[in-house]
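Chemist: Sequence:
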Amino acid sequence: VSAFEQNISALALAAQVIPGHIIHITSTVLNIFAVLTTFFGIYLGFHEAIKGIILNLLSRIIDTKKINSRVLTLAICAFIVITLTIWVS
1 VSAFEQNISA
11 LALAAQVIPG
21 HIIHITSTVL
31 NIFAVLTTFF
41 GIYLGFHEAI
51 KGIILNLLSR
61 IIDTKKINSR
71 VLTLAICAFI
81 VITLTIWVS
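In the UniProt record's numbering, the protein residues as written are 1 to 89.
For the record, the hints were derived by calculation from the structure and aren't laboratory data. Values in this document were obtained by computation on a predicted structure and should not be read as measured data. Using N, Cα and C, we set each Cβ at its ideal position, and we do this for glycine too. There's no promise every hint is true.
What the hints assert, rightly or not - Here are the computed distance ranges between Cβ atoms for each label pair:
1. 70 / 39: 21 to 27 Å
2. 10 / 85: 35 to 41 Å
3. 9 / 88: 33 to 39 Å
4. 4 / 66: 22 to 28 Å
5. 56 / 11: 41 to 47 Å
6. 19 / 45: 15 to 21 Å
7. 51 / 24: 28 to 34 Å
8. 20 / 54: 48 to 54 Å
Just need the whole structure built from these sequences, with the hints factored in.
Modeler: Structure follows, in structure tokens:
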């Protein structure tokens, strides 16, 4: 309630009470996990969307039973990594 009233995060409020570098280390670890969790959530959602689009397009040409799921997954992964690398650089 106090953090809400002061409009600060609970971690900032804990930093005022807990001495030492524990809060700084905890906040850094928390931020890293937040970024990684967000990345993997977006990656998995994008991967499933691309896989659905590709399977939909390929099912019009060939039978879906002939599509190698492992190759498709690796190709999509490579496409995402290459696209992100180009986009970031």
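Chemist: Next step is simple, just say for each hint if it's right about the structure.
Modeler: A quick look at each hint next to the structure:
no., hint, in the structure
1, 70 / 39: 21 to 27 Å, "holds, 23 Å"
2, 10 / 85: 35 to 41 Å, "holds, 36 Å"
3, 9 / 88: 33 to 39 Å, "violated, 28 Å"
4, 4 / 66: 22 to 28 Å, "violated, 57 Å"
5, 56 / 11: 41 to 47 Å, "holds, 44 Å"
6, 19 / 45: 15 to 21 Å, "violated, 41 Å"
7, 51 / 24: 28 to 34 Å, "violated, 41 Å"
8, 20 / 54: 48 to 54 Å, "holds, 52 Å"
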